[in-house]
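Q: Let's have the full structure, built from the sequences with the hints guiding it.
Top line first, the protein sequences correspond to chains A and B. With the numbering used here applied, the first sequence corresponds to residues 1 to 119, in that order. With the numbering used here applied, the second sequence corresponds to residues 1 to 407, in that order.
These are calculated hints, taken from the structure and not from any lab test. One should not assume that every hint holds.
[To be verified] Sample of chain B residues lacking proximity to chain A, with all beta carbon distances greater than 12 Å (derived):
(1) PHE28
(2) GLU82
(3) THR213
(4) ALA235
(5) LEU257
(6) ASP271
(7) ASN299
(8) ARG348
(9) ALA361
(10) GLU366
(11) ILE369
(12) HIS370
[Claimed, not checked] Chain A regions said to be covered by chain B (calculated; three or more residues, Cβ under 8 Å):
(13) 5–12
(14) 15–26
Since the model is a prediction, treat every value here as computed from it, not as a measurement. The beta carbon of each residue, even a glycine, is placed where N, CA and C say it ideally should be.
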Amino acid sequence: MSLPDAIAEAGAKPAGKRPFFLDAEIESVLAITMAVAQELAVTRQRADTLERLLEAKGVLTRAEIESFRPDADAATTRALANQEYIARILRIVQQRNEANLAPDDIGSEDVGDELGAGN
Amino acid sequence: MTDASTTAANRGYDGPPDYRVLGRHAVFPETSHDEIERINFLAQMNRHLAANVVPGVRAAYDREVAPAFLQREGRPITNRHEARKALLANPSFAFWSALRRMTMEQRQQAGRWTAIRQRERLAAIAADLIRDDDRLALDPTLAVPRYVSAVDHHCMPGSYHHEAFPGDVVNGANYDHAGFVTTAGLLGKYSDGGGHAVVRWVRRNLPDFAPKTILEIGGTVGHSSLPIAQAWPEAQMTIVDLGAPVLRYGLARAKSLGVDNVRFVQANGEDLSRYPDASFDWIQTTMFLHELSTTALANIFRETRRLLRPGGIVLHVEQPQYTAEMPLFEQAMRDWDAFYNNEPFWSRMHEMDLDQAMVDAGFAREDLIHGGVTGVVDKELFPDAAQDETEDFGRKAAWHVIGARIS
Chain A
1 MSLPDAIAEA GAKPAGKRPF FLDAEIESVL AITMAVAQEL AVTRQRADTL
51 ERLLEAKGVL TRAEIESFRP DADAATTRAL ANQEYIARIL RIVQQRNEAN
101 LAPDDIGSED VGDELGAGN
Chain B
1 MTDASTTAAN RGYDGPPDYR VLGRHAVFPE TSHDEIERIN FLAQMNRHLA
51 ANVVPGVRAA YDREVAPAFL QREGRPITNR HEARKALLAN PSFAFWSALR
101 RMTMEQRQQA GRWTAIRQRE RLAAIAADLI RDDDRLALDP TLAVPRYVSA
151 VDHHCMPGSY HHEAFPGDVV NGANYDHAGF VTTAGLLGKY SDGGGHAVVR
201 WVRRNLPDFA PKTILEIGGT VGHSSLPIAQ AWPEAQMTIV DLGAPVLRYG
251 LARAKSLGVD NVRFVQANGE DLSRYPDASF DWIQTTMFLH ELSTTALANI
301 FRETRRLLRP GGIVLHVEQP QYTAEMPLFE QAMRDWDAFY NNEPFWSRMH
351 EMDLDQAMVD AGFAREDLIH GGVTGVVDKE LFPDAAQDET EDFGRKAAWH
401 VIGARIS
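A: Okay, structure coming up:
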């Protein structure tokens with residue numbers, strides 16, 4: 001079975017020092033973002049495949065999907081799902097905003113110095 | 001049901017075809033739905049970068065980079081290196097570069113994932129196809145030269161030669177099945193549009209030419225070689241390459257596709273002393289010279305001269321050389337792969353005087369051949385490079401031919 005090998009080796013670095021065109025940290029985040037964008041594209045194509053197969057088998061028509069209206073309960077569930085999703089991916093913005101309101105916040109390292117100083 | 005290609009044409013679609021139009025063979029990796037869609041996405045990424053992002057880079061060069069250089073230095077940009085270095089400080093170029101680099105890295109990761117997860121199965125299929133076949137001649141003692149080992153060409157980990165275990169074909173399988181990301185279908189059903197282009201060019205320009213023995217140097221899995229072998233079925237075609245995985249894979253692929261007049265030999269094109277003088281009627285290289293070194297190129301040119309029979313031809317297919325007429329922006333963009341996609345010889349090779357290199361190798365100047373070809377594909381399914389307006393610098397399936405016919 002090669003799955004563990006594939007997980008370990010698929011993303012191997014090629015021989016040769018990598019150039020960075022932006023700040024290395026920013027470019028790394030961009031690389032992660034583009035990999036996630038790729039996976040989202042894959043997921044969208046998979047959903048399209050599912051819809052086409054379900055339509056071909058007579059389970060539903062895609063017109064039904066386009067004109068789908070959730071009932072009130074489903075609409076609430078879906079709206080909450082969107083809110084939860086947005087809050088999840090924008091966690092860093094939330095935390096930076098909270099930090100702006102906590103000017104006396106102290107870092108754990110400094111607390112450690114403080115807590116150890118009394119010994 | 002409406003035919004997909006008709007629908008696409010009617011809707012004005014202009015881009016890579018769905019990956020599923022590619023031809024399969026016995027040793028082609030199995031690809032899941034999502035693995036295919038990963039490749040489709042990456043092919044579209046390259047298309048998007050070339051069609052929609054590069055124009056912004058060009059505008060930035062014209063409107064910001066070149067004028068700023070002039071103001072700072074009191075003179076215009078005079079060569080492609082100055083142009084590239086000036087571009088590096090421009091955000092449009094930097095962001096495009098970052099995206100282009102990571103798209104290549106994602107392509108390698110996607111292709112390797114698919115090939116590695118089934119590598120035992122692929123190796124077994126290849127082994128069954130090539131067992132006891134003397135058309136595969138491997139040389140485990142062959143040294144990998146510095147120009148291949150120092151950096152992995154086009155960011156392909158392990159290049160053409162690394163093998164994880166005896167009989168491994170992963171680096172052939174990865175190179176074959178996921179190259180679609182870069183070529184975006186311009187090389188056709190079996191990634192062989194370059195080979196078909198060469199066949200068409202020779203038939204048109206040398207209609208009397210009837211080779212019996214043909215050699216392709218650096219032929220990897222045989223993408224460009226098989227169309228030649230098929231076009232001259234009475235000929236014997238030899239493909240040499242440094243990498244055992246691509247050669248194993250290549251013979252298995254050829255046999256699966258029903259092409260039998262080929263043999264795959266592990267050798268360095270600089271030293272083909274295993275073949276006596278005047279062994280071949282035709283020696284071909286295809287998108288190969290840029291992966292060499294100055295010394296290796298000279299050695300290989302000399303070997304081709306030695307190995308050619310009277311009346312024989314040598315043809316090298318490559319991206320165009322830099323000329324004084326080529327705008328500096330285009331030169332700098334074509335140089336990108338040299339510096340940022342692990343093609344270290346690309347820049348120097350494309351500024352060489354190849355005619356002089358041929359003469360230095362013993363060819364008479366009056367025997368030299370020049371031409372141009374574009375990828376030949378099934379236009380019902382694949383985009384036609386000759387009609388494609390998009391310039392993906394250095395990667396488009398439009399090449400120059402330099403060669404010679406000796407008397």
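Q: Could you work out which of the previously given hints the structure breaks and list their numbers from low to high?
A: none
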